[in-house]
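We have chain A already, so just place chain B on it with the hints.
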Amino acid sequence: MKVEPLLYGDRKVYSVAGFNRGVADWLARLPTLWIEGEVTELRRHDRWASVFFTLKDPADGACVPASLPRRAFDALGLGLKDGERVHVYGRPELYAVKGELRLRVLTIERFGLGAHLAAIERLKAALAADGLFDDARKRALPRFPRRIGLVTGNDAAAKRDVLTTVTARFPAARILVAETLVQGPRAAAGIVAALESVAREDEIDVVVLARGGGSFDDLLPFSDERVVRAVATCPVPVVSAVGHEQDTPLCDLAADARASTPTAAGKLVVPDLAELRGELARAQTSLAQSVRRAFERDRDVLRRAHDSLERGARRALERDADRLVSLRDRLRRGPALLVERRRAGVERTGARLAALSPRATLERGYAIVRARDEILRSSAGLSPGERIEVELAAGGLGAVVEDVRE
Amino acid sequence: MTELSFEAAQKELEGIVERLERGQPSLDEAIALWERGEELLRLCLARLDAAHGKIEELAQRAESATPFSEPDR
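Sequence order for the protein chains is A and B.
Letter by letter, the first sequence follows residues 1 to 406 of this note's numbering.
Letter by letter, the second sequence follows residues 1 to 73 of this note's numbering.
Bound-form chain A, shown alone (with noise of 0.2 Å):
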């Protein structure tokens, strides 16, 4: 934007805002820079925009002041303190209110970050073609460890935040501590030796290495190759738990299983009671239920079976009471009809034999004269005063011969 001075005579004037938009012009025409300084009053506050600190020339005190939204400092997750070195990328830009220089900062690295970086990247590739992170070589957690080994700085939070959430969750777990220097030059190797006497124990099922967050530098040792190869070799299946969600400490990668802080690894370590004993009672309701619901089937079954057996017996019975009521009627009519028309037969018989009846001639006014025991046919042969026997239809006489003719 163009200042327009106002005119005094020959005299041009500017105002303070129009000298300022001025600067600030000139100022904004300057490259992006790559600054070295230690950061001092670092000042973050939620309710800010913005991140304030003073980046100071540690050789001479020289200072400037600096900003850069909170949102990009919070993603940088470099958890900065005062008195830390940087390297801070920016461009000056002139604070109009005030009239104050300051740096505007776009990105900030921790110095030295770029050689530690560098050295990791070639370890992780070294150990990666070594097979130590394959995903074949973890092994599953145990799902009730007789005993847990708890390898941790002897700083309370990672330490309670592991035992808190265990006891909590499983009150009977049994843990072992060891402590060890977990920052600094001598903490790798403490870390090692701390972990192989844990898992050593007996009964340890599990180890957990557990360490707060803190800054790159803090968590350098948990990238150091003794510690990541004595993780990937520990004897027992180990529960990383370093730093916070965004660091990936090398040792990580060799564990086991990862956890983003050490809370999360007391419960991949043990199972939740309270969940359990839930499991155990919806199982067991399940379990009753399946029962009850087959005995019903099979009871439902039995009963249908049942049903149709006494339904087909009954009607077999019926068929055949009614087979046998027929066979008893019929049984009963025959032999009475068989003597029925026996009779009838004799009876005509009878009437044929009556209508025969030599009586019958004899009813008709006839009689049979016997003389000496035979029947007379003719007189001739009989004499007078010889005796003759009459029969007639009724009764009978005897008789003397008077006279005789021819």
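Note that these hints are calculated values from the structure, not bench results.
Heads up, a few of these hints could be off.
[Said to hold, decoys possible] Partner residues aside, some chain B positions facing chain A, computed with beta carbon under 10 Å:
(1) L13
(2) E18
(3) L40
Every residue gets a Cβ at the ideal spot worked out from N, C-alpha and C, and that includes glycine.
Below, chain B without anything else, positioned relative to chain A:
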């Protein structure tokens, strides 16, 4: 005579009746046949009466029994 079965008695009776109807037997013979016929007739009727009585008795006995009671449920 009581050893004679109903069928044999009936057959003999029918034979006698047929002979009487068909032939001219002598009167003595006819009378003897007729007497025999009467005897056979009585025998047959007695046998039929006995059979009838037996059937009635058995039927009555069967009637008083209950051979087809419903099975218990």
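Hints and how they fare:
1. Restraint check, B/L13 versus chain A: the minimum CB separation of about 6 Å is within 10 Å; hint holds.
2. At about 9 Å, the closest approach between the beta carbon of B/E18 and any beta carbon in chain A falls short of 10 Å, and the interface hint on this residue holds.
3. With its C-beta approaching chain A no nearer than about 9 Å, B/L40 sits inside the 10 Å limit, and its interface hint holds.
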